[in-house]
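Asker: What follows is each chain in one-letter form.
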Amino acid sequence: MNTDRFDLGGGEPIITLRDIAKSYWREELEIPVLQGIDLEIPAGAYIALMGPSGSGKTTLLNLLAGIDRPTGGSLEVCGHELNDLDDDQLAAWRNAHVGFIFQNYNLVPVLNAFENVELPLLITGAGRGERRDRVDQVLQLVNLTDQMFNYPRQLSGGQEQRVAIARAIVTDPDLLVADEPTGALDAKNAEEVLALMERLNRELGKTIVMVTHDPKAAHHARHQIHLEKGVLDRTVEVNR
Amino acid sequence: MILGLLFALPFVAYLAWLVWALVAYPVPLSYNLRSLWQRKLSSASTAAAIALVVGIFVVVLSLAQGLSQAFVSSGRADQAIVLRPNARFELNSSIERDRMRILKVHPLLKRDGNGPIASAEVVVVKLFPMADGTDTNVTVRGLETAGIAMRPQVRLLQGRWFRPGLSEVVVPRKMQGRFAGMEMGQRLRMGGRDWQIVGTFDAGGASYESEVWSDANDVMQAFRRETYSSMLARLDNPQRLETFTQAVDEDKRLKLEVVGETAYFKELTKAGDPIKILGNLITLILTGAAIFAAMNTMYAAVAGRTKEIGTLRALGFRQREILASFQWESIFLCVTGGIVGSGLALFANGIQTGTTSFETFSDVSFAFTITPGLMAQGVAFSLVMGLLGGFLPAWRASRIPLTEAMKGG
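Heads up: the sequence lines are chains A and B, in that order.
Under my numbering, think of the first position of the first sequence as 1, with each following residue one higher.
Under my numbering, think of the first position of the second sequence as 241, with each following residue one higher.
Treat the hints as calculated values from the structure; they're not laboratory data.
There may be inaccurate statements among the hints.
Below, computed lysine-lysine pairings styled on DSSO-like, alpha-carbon distance capped at 30 Å [what the hints assert, rightly or not]:
(1) B/K547 x A/K216
(2) A/K188 x A/K216
(3) B/K647 x A/K229
Chain B with its partners taken away, still in its complex shape (with noise of 0.2 Å):
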């Protein structure tokens, strides 16, 4: 942290001191700009290699903002998972019947006129044909009715919920595209079962939507499970969550861990480090590339105008008014790159898509979420090119001897 502020402490200083100097020098910008359109040729293939590079930019961090949504939007804070102690995860945790039994009537869990809203979950990974003929591992949940309403984020679209006892699953609707054999009507093969799909969900961009469900205890019989993997619990309120915390841990019966939904939710983000991280490469190769084109297309500029600066220099222009004006004049044309690609990077907005976690084995569907902010982002990006790109090439123009550029260099 300390090490990044102090990395972009001399550009802020740098970009400050560019913009101060917008106002307090009188290098007209109307000359950087006309001088970019006079070399249109230049200028916008310069600007088309830089909108590439920021629209890549930014469809990578909308992958990982994609992915965040789905499991940030997962959880709630006053809910917690319980799980088996250094489990980590809901599919390396397991509870026994006879201990769910005691978790489930705890006295900190919140009732309703039911009882206490909990929910003894197991979950299992299963391989699922996908629509392009390979196979992926999808989670699948069962879960208790009262699981159901304590995800509010859930809605049923089409057809009903799942009746236990009758191996019925509901798939969610992001799913149905992605996965052969997923339409309402149609039967899943799971477990040595047939289960049929009675209904389509939506979770508003939650995790679930990568997920199959189906009732708890069909799911443990078909797949021969002995034990719950974890149990959804909603407390009075998210104040109460570390009363809770303290009791499970402290009861010798229970040995087992509890995890804020919002915590746990945090934790599964980290499937999209690998996206990140490959991603994160392609942009830097990009980006030096795009930084390259941007300094020769100023050098370019730099070497076509030396009579010009010269001109300029004998006018009476300083030579930092010089500088600010070439740097001035990168930082738009890569800026300008920055919106175009931006733009571009609108398309890819909505689109479905899914990746396996690392950490559950399993396909997460997410939709790649393009924000303002990850614009704002993506001309922030092009605006640092204009920086890098532009500079050597700025500090060699205000440095050209004033006679060599009153010859034209």
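So that you can see chain A by itself, here it is in the shape it has in the complex (with noise of 0.2 Å):
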């Protein structure tokens, strides 16, 4: 294992984030959670974020998944400038360039496993056949093709985990962002759901940024980058 801080190999950055900072505010008092963030992700990494409750790790992957804005700083993901995109356009922008892996899998209830991987394909104005092989595809990536049409109650964790995977793939974005994506999850289906990501990186390129708080989750990614209080603590290669 080496230890070098903020080395994360050559290649192209897919994400520039220059002294990023993020507070909240509760009345008259600022609270910090990000401060002076610089940082480049070359495109085809996978990272685990990782760090003690409170440090900013969230915050991290929902400003780089433009979820959340900055307080200050510059925010280049996918070759875009995020702080000058309009929420509409941020939408539009999530849409085609991230894809989302929840602890909680976050699929939608009322609708069957096709339906919710289908969802963001709805979005970008697929005809109805594009839409069905694009989704049979992932499905079948994931090896859920048996249980399209079965509803998140009718799955196990592990299978609704990787219909949000697949969900997550479907538009073919070039990053993925994770947030403890084996938190609920056994050991076994915390494995195959590792080895499926650890695949689509090596495999399909995808950029990965993954929070967890798992050792054993990190040491799948191919670098770990530790937050401390709001700042970038250290970088961690990993050997595998």
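Taking the hints as your guide, dock the two standalone chains into a single complex.
Answerer: What follows is the structure, encoded as structure tokens:
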């Protein structure tokens, strides 16, 4: 294991953060969550964001996924300066460039697996046939073709997370963000999900940024970035 | 009218945008429909509340419709009613016999083999016992034989028409069930005489179904009336009405007023105003409650689905798409209730009832008339409830900060 501060290897950066700061306000009181974050993440990286609770991991993930906006600094992701995009443009940007994997899967309970995976494609304007083909393709990739008409309540936790991963990649985004993707899974299912994510990184070249507390999960990433009290602490390259 | 349009304009524009959003925006409708189905109990109770309100709304409208039909179907465009000036209604009018003689030979009246087609008539109000033991005023119309033929919608169902000089009456079939002692062969006591019921008639929903008919002279004698109330006159064609009106108006011997029969009965439809006002007041109060119920249900739906909303936003759905989606959910909920309510109102269709006209102080019999148009109005009403009740919750859904929604509220 090598320890090099913030060196994530070569390649064109897909994410460039310059002096990023994020604060929340509680009445008159400013609560800084992130300060002075400078970071370049190259395309095709697989990053585990780690750190103690309250260190700002999820906030940083939300910023680079276009879910939240920084209070300072610049943030270029997938070729777009996110500060320059209005809410509608940001929504369209998320749809085109980011796939989301959540701890609790966040599947829509009233839609079946097929419909859940199809959701992001409805925004793209793809035709019915194209959508069906894309959904079939990604469900095959996560090995859930036989469960496509089951509703989330009819699936196991591992299957639900695989549906969520299929939904995350169905638009073929450049970046996958995952917030504790194995946090709600048992060891066996967690391992399956992590293996799948690793495959997406290795075989499909997806850039993955994953927030995790779990060292085993972090070990699947190529680099670990540690946050401490809202600042980058160190970067660790994982030798596998 | 203009105020109404100004009020309706934002609704129409917003609805048009929603319809466009349904086509242009991609949140699938199945998402909303299944979400409603998933919350069966709260959806059903809200829809039931809406159904109740819409049902009452449609029944109230049908009362007004029934009344309108009773009066509007009574009039003919080529007939006129001659009254004392400013009398407005037959009950307030009087025409002396000598004036009536001049009127009945007026050259503008249509003629047949028996001479001018006109009927001198007298209208009195008499208290009759109802089947439920209460009493109510009923219009008794004395008319000439020509007057029967001048009302083609009137059909004899049973027995025969009254004969002059014999104190005979014919009664509407629809009054028989509502009033006591109105069966064939029974006798009615009025004007100090017993009157034999010799026939029953039907008037196709017209207001004559609220009147007891007899010979004009018999009624005048019994009620000691020296004057007629009105004359019903038929003209060659509807265009002659204005000429006839002018001719009567300018005739110094007459000093009478002519009103087109259709216009006369239209004026009488105001008899339904108190019912409409009361009905509208009840509907208004219930509407407020129903909108509140819909709003409450939708607020609960939004609160329970903040994480879903956050997920949809994260996937790329925009705020206005979330707004349209939840607004449609509310509309579906309310329109379902509206359809059920309009359907339930059908059970009232055809039921006979009556009200007292404040114009004639007598009973007006009519039937609840539920038409497809009224049912459509009921559904449209529920749509408005869906728009009003759903807007604020849908707006809130679309404005939840994305980070809050991602946390699940």
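Asker: A separate judgement is required for each hint: does it hold in the structure or not?
Answerer: Do the hints match the structure? See the list:
As the CA atoms of B/K547 and A/K216 are separated by approximately 28 Å, the hinted pair is consistent with the 30 Å bound. Between A/K188 and A/K216 the alpha-carbon distance is near 12 Å, which keeps this suggested pair within the 30 Å criterion. Between B/K647 and A/K229 the alpha-carbon distance is near 21 Å, which keeps this suggested pair within the 30 Å criterion.
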